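Protein chains: 2
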Amino acid sequence: MANQWVYLFGEHEFDKELLGGKGANLGEMTRVGFPVPEGFTITTEACRYYINEGSEPGDLDAQVKEKLVEVERKTGKKFGDSANPLLLSVRSGAKISMPGMMDTVLNLGLNDETIRGLIKKSGNERFAFDSYRRLIQMFGDVVLGVEHAKFEEILESHKDGRKDTELSVEELKQIVKDYKELVEEETGKPFPNSPMEQLSLAVRAVFNSWDTERAKVYRKLHGIPDDLGTAVNVQAMVFGNMGEKSGTGVAFTRNPATGAKEHYGEYLLNAQGEDVVAGIRTPHPVDDLKKDLPGPYAELIKVYDALEKHYKDVQDFEFTIEEGKFYLLQTRTGKRTAQAAVKIAVDMADEGLIDKETAVMRVDPNSINQLLHEQLDPSAELNVIAQGLAASPGAAVGKIAFTAEDAQAMAEKGEPVVLVRNETSPEDISGMAVAKGILTARGGMTSHAAVVARGMGKCCISGCSDIKVNEKARKMTVGDEEFGAESWISLDGGTGRVIKGQVKTVPPSFSSDFVKLMKWADSFRKMGVRTNADTPKDAKRARDFGAEGIGLTRTEHMFFGEDRLPWMQKMILAKNAEGRKEALSHLLEMQREDFKGIFKAMDGLPVTIRLLDPPLHEFLPNHEELLVEITALKIKGDNSALLKEKEGLMKRVAELKESNPMLGHRGCRLSITMPDVARMQVRAILEAAIECAAKGIDVKPEIEVPLVGHANELKLVKGFIDETAKKVFAEKGETISYKVGTMIELPRACLTANEIAEYAEFMSFGTNDLTQTTFGFSRDDAGKFITEYRDKKILDGDPFAVIDRNGVGQLMELTVKRGRATKPGLEVGICGEQGGEPDSVEFCYLIGLSYVSCSPFRVPIARLAAAQSSIKHKGLRK
Amino acid sequence: MANQWVYLFGEHEFDKELLGGKGANLGEMTRVGFPVPEGFTITTEACRYYINEGSEPGDLDAQVKEKLVEVERKTGKKFGDSANPLLLSVRSGAKISMPGMMDTVLNLGLNDETIRGLIKKSGNERFAFDSYRRLIQMFGDVVLGVEHAKFEEILESHKDGRKDTELSVEELKQIVKDYKELVEEETGKPFPNSPMEQLSLAVRAVFNSWDTERAKVYRKLHGIPDDLGTAVNVQAMVFGNMGEKSGTGVAFTRNPATGAKEHYGEYLLNAQGEDVVAGIRTPHPVDDLKKDLPGPYAELIKVYDALEKHYKDVQDFEFTIEEGKFYLLQTRTGKRTAQAAVKIAVDMADEGLIDKETAVMRVDPNSINQLLHEQLDPSAELNVIAQGLAASPGAAVGKIAFTAEDAQAMAEKGEPVVLVRNETSPEDISGMAVAKGILTARGGMTSHAAVVARGMGKCCISGCSDIKVNEKARKMTVGDEEFGAESWISLDGGTGRVIKGQVKTVPPSFSSDFVKLMKWADSFRKMGVRTNADTPKDAKRARDFGAEGIGLTRTEHMFFGEDRLPWMQKMILAKNAEGRKEALSHLLEMQREDFKGIFKAMDGLPVTIRLLDPPLHEFLPNHEELLVEITALKIKGDNSALLKEKEGLMKRVAELKESNPMLGHRGCRLSITMPDVARMQVRAILEAAIECAAKGIDVKPEIEVPLVGHANELKLVKGFIDETAKKVFAEKGETISYKVGTMIELPRACLTANEIAEYAEFMSFGTNDLTQTTFGFSRDDAGKFITEYRDKKILDGDPFAVIDRNGVGQLMELTVKRGRATKPGLEVGICGEQGGEPDSVEFCYLIGLSYVSCSPFRVPIARLAAAQSSIKHKGLRK
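Chains as they are written, first to last, in the working numbering: chain Y, 166 to 1043; chain C, 166 to 1043.
Derived by calculation from the structure, the hints in this document are not laboratory data. Quantities reported herein were computed from a predicted structural model and do not represent experimental measurements. A portion of the hints provided could be inaccurate.
No distinction is drawn between identical chains; accordingly, a pair holds when it is met within one copy or between any pair of copies.
Claimed, not checked - Heads up, simulated PhoX-like pairs for lysine-lysine below, C-alpha to C-alpha not over 20 Å straight-line:
| hint | residue 1 | residue 2 |
| --- | --- | --- |
| 1 | 904 | 988 |
| 2 | 880 | 957 |
| 3 | 958 | 883 |
| 4 | 490 | 467 |
| 5 | 761 | 904 |
| 6 | 740 | 1039 |
| 7 | 490 | 578 |
| 8 | 949 | 822 |
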């Protein structure tokens, strides 16, 4: 059976996979009865066919022509007709929106013949020639690959400083002529006159645009699969550029930056759609339309409500007014900042538009990061030099870069960057990605800069006409003041204020909406969320963020402190048991204080403390540095005590040196061969616990043995932990209940979890190490090839960031099953870095983990992700 | 129900676990009707009870007394009776024989009272007092812990140069007195007079002997579990020391050194058993007994046949002749050299005593190593200086050590050692373990030295009366010539010749018996055996040893050759594609030659060639050495081109340096990021194959991609292998069939074997790496703690030597299952070092591997182990 490649708007049911987001929505709106210009959609299937086969399906042309006849019938116009010509737009529309990334061509169907019909029907020769020159310019650029700047050059030479609306008919005619010559010069062929040829070439250009470099970069940045393909929407033109009763605009049903329910949007009179988005003229806020065109304004206001009622979510839509008649050109789910997402979700639930579960599902856990960004210190004195549009909230403090390349170079040196441009274009994406914030002189709230910045969760101020930017000279002028590259500047995205210099920032505070949403989330959540924290300060912060305990305290971090490291070194270098004992007694005191602070901060909640993990050489001077020092001393003929001392030290450092420290003498292997350190730590934990308990603090210590690969290791270490506990309890005359458990970070531990569970009261996945050993990737070294692996599609993602479900995940699932076979209900958590990453949290939920543990700032993300998992996978948890 | 701790000989059925080897055999012989003195066995259960609880079972004493009454009834004598006293021996006997390791006490029951009865019944006062002094000496040493040497000192002072048989009754009485004084002096208590007390203490001493240091060392060396415990055999004494019509001897039913069917054994007249084994007097060969005591000799000869007929294996037995009456004191399966094991197995099968399967099972695959030992060059001129007993075959060439300590010290320095002693004792075990061979001046074919050396598969010459050894002075004298410590000496264990100096050695040749046995083995074997070989020479040798193909050729070894390394370095350091290309073209030519040689050696058999595996920095100078050089040059103010060059080199070395190279940029990761090298290798393999095929050689190349962890890696690499092959075939106008497969050496590869199998035509386990990642043990570093792990019983064995069935093994089993689920019948082998280790071979057989591959010298071991697995596990293979 032949494939159907083309559907009239509304002919097929809503199906983003097939029709793309834009096509599906145009169809949906057509069926519901919104005033949408007639048209049809060429499916993503056709695009995929084109990409895989290198040419369009053989029957595509015929199907297009068939649907075109339908459109002609409905509009009463004819494509290529010199009396009453139908003009068409061609727009891309993938399943997932990629704003500004893909290509559009307007006014297709114009040539020296049909323009006569357009003039006659519109009675507006100027408009007709303006449309014609726009066709040649866009088609020339997008379809024929003639440099955009060359058209602009011609245009500018004619404008000679005037606005484009001030060009005369004669001037426009000349521009059309010049444009045609330019095209012929550049491509070696005349501009295609045949409307059908124009259409075919434009469709193919959209197909091709799927694989441009910038589209690939965008998809990589947003994790969009490369094999979706795009649909193509062919639609009857309506004209916002027919004069002062015409116009075009872009609007959101709510404010996408703040979430406020207000008439958000912008329009330009006598303009076509791309003028608003491209940010060439700064448009007017929609409410001004009431005065300019009250009839269409009333229709617009009705559309706001109608769209939300139908779609139950914020819509981002485009409209055109042709000679007073209102058209809806497209709608899609509105991208929003995290702050807006939270407010909109909560408001809509409160309004009864959606239920609470839906509200919780509406916020992307990854975006919560944005709410945790630093903000400008409210108590700082601000030298505000300019005011722009508050296009994307947050704060940015950095040095100015005027080009994407400069921004990247500076970022590579580790400098904070604010990208300052007249306007941004898709070519700037990589510069925007590395910048802390973006400031543009032109463009509105829906300009490229604003939309992309919001997508990235970055602070952005757009349309800041107070500043003049000279990108070539790398200069920004505000009044009399000049700012060069690398001058410090600060942005307040929440208010649109541009501030001179480097303003201090402070941690964020949560909105009441956020608190409400998280409360709802917690009510659905079924998996615990803990934090990884090594200090009372981190522990407290995490608890404020909702952590329900500590899943990992890394005690070794405590040994690197200036007051501790010397004792640690003495312990390692001790020549006899006495020397070691003395050093350990000092460390004991300090560790006891560490643990007291943490127990206090976590009063009533469990605290998992891991025994010493890294190999001992990490605490001693670097082998190579020492080697250089000794070599130097020797060559200088230095025979001093210093050389002797260094050589003595070197002996021990060399002894402890390892070829593969990651797989070396560390973790419980240390506790087994050098039990004194672990005994000291256990003593410090339990003495601290007893002291805290005496002060009325509810302590719940969980002592964790790292890097266990064989049940016998845990059996032995648990043996002397319990022995030490007995001693401490006897000495103090107090008993504290505590648990002994293990980290699961080696494949062998997973495979023998049933045996290990005999001795473990809890288990916690160390997925960093487990990923290293399962893949055989050293984290420190794999960077060199992992990027290439991702480019070559060997790996979908970085397994150190997102749990590799197919490999590491299998081992995790096995562990849970086997561990609980031995001990039903065994507490199993995760404390690797993936514990705060939403996709990994979902996986942990599915395999039945008791909790995830992550860094303090990721705790709210994990809470939300865990709640969403409960909602999404009702009854599926193991 | 009360436990039965004591059984009369023959009361319980044959059960080594319960009764120990000696007890079970004494019982068996009693039941069959061999002339065994009456007695009973205290079970190993009683010993384990004693070890675990720290005291004997409460009812043990009563049970012993009960059985003692039975023995008294049968012998007509009474224990502790002054008229007709029963004397007893107490001997240990564990499930697995530990010759010389455990304790024995004879003549229990003698005291100042009972000796009168002994004198009266025997009519031999001298014998009675000789027995008495022996009791005190042995009991004093073994039970009371009085130093053996102190007794010897007293004895020597009385002997004054005479033989012990020349001592008079009065002298013996004085010795008894002196001994008693010595005991009281040393222990603070008089020698225990009560026979029952003597018995209890002796039994406890045997229990205690299980946990002596030397017993532990022996068990560790022989892989005997520590928790078996020993049984205790209490037996009525019969006396070989009653005069010239009495005697004692030790015999084997066949020659345990060569396997020859001959009257093998030794005896001493007028002696007790320990005199023969301890090697104090050099005994006579058994056939001399025909002349000395023809009656008992006839019985002995009957026993040779009767024992083999009953036990169907070589027996090692002890006999005693008391006043012309022949007694069998014990029998056990005879330990034998590998050479003897092979001959005996083949002979017995040929004689119809056992079937061929049993014959194949009779040879320990690990012992085959001995047959592969070097032998003295038959064409060398030998300066034979002495002739001893050919106690254990093989050749040893080394420097003389006179004590076990010296031997260990020399061995640690890597020197080959020959241990030279008057006689060896259990204290010398560790010195014997490190020696290449053992030479003793005293002792027979069944002396301690001979037995232990055969057990260890080491060359030994015993009873070499031509040499005089002064251990204290560290001197050996042969005629007029003196040899000091560290003089070179050579031993020919097959003939007993001692040769001066360092004789050249040559590879072994196999006996026709061995060839026959291996033929039988191959007829039972169901799993293939290949070899790991990197050179034509190794390949050929392995083929001679029976290898059925190459399971692993490591191409990187080829790059380290003097003529290759510079080109490899040029390739790595090349600044551009051209430089790299030139270096690669040189390497291509050399690799092609390598492969041609290997294909030729393996004509008709598969050859698996692994693509480059190690990280590139292994081919460049060492980072630290370079650092020292540069530091030195800088300090010297050297600004020469040399410094520049070194710094340039350092830049690349530093770039390639890795924190954990084992988990770094190696294996297929190299082929993916730097495909040129792999392409060159594939080209070299296929061009070589085509050239060989043109010469009529049957080539079967299997190209192996190392370190795959994700199916996509193999997909990509296989892609360009096939592409390269197409090109080569097109260029040459010839096509060769080849396979592409992968090593399985990462846990993730095992877990996703079903996916990887889509692109793999074969798989081969790299269990070295797989063990490293599964355990998280770096082989280079784990030595530091693995020994401690084994001492602390965390690990049973070294997982790098024997496959860890419970961890690594699970992954292997999973791999086979999943790989074959995708591709039924998929060829899966192993090429890790465990592939030639019998226990691992058995595991590989059980999980259904297609073949094992090991180093050339291990090929026969693997063949035999694989055959034994087939016999042992009929129908159990997956």
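Checked hints:
Proximity of residue 904 and residue 988 under a CA criterion of 20 Å is satisfied intra-copy only: 14 Å inside one chain copy versus 47 Å between copies. Proximity of residue 880 to residue 957 under the C-alpha cut-off of 20 Å is restricted to the inter-copy arrangement: shortest distance 11 Å between copies versus 45 Å within a copy. For a Cα distance limit of 20 Å, the shortest separation of residue 958 from residue 883 across copies, 15 Å, qualifies, whereas the shortest one inside one copy, 44 Å, does not. In this assembly of identical chains, residue 490 and residue 467 lie within 20 Å of each other by CA distance solely inside one copy; the values are 14 Å within and 125 Å between copies.
Proximity of residue 761 to residue 904 under the C-alpha cut-off of 20 Å is restricted to the intra-copy arrangement: shortest distance 17 Å within a copy versus 63 Å between copies. Within a single copy, residue 740 and residue 1039 get their C-alpha atoms no closer than 60 Å, and across copies no closer than 58 Å, so neither meets the 20 Å cut-off. Proximity of residue 490 to residue 578 under the C-alpha cut-off of 20 Å is found in neither arrangement, the shortest distances being 54 Å within a copy and 99 Å between copies. Proximity of residue 949 to residue 822 under the C-alpha cut-off of 20 Å is restricted to the inter-copy arrangement: shortest distance 11 Å between copies versus 24 Å within a copy.
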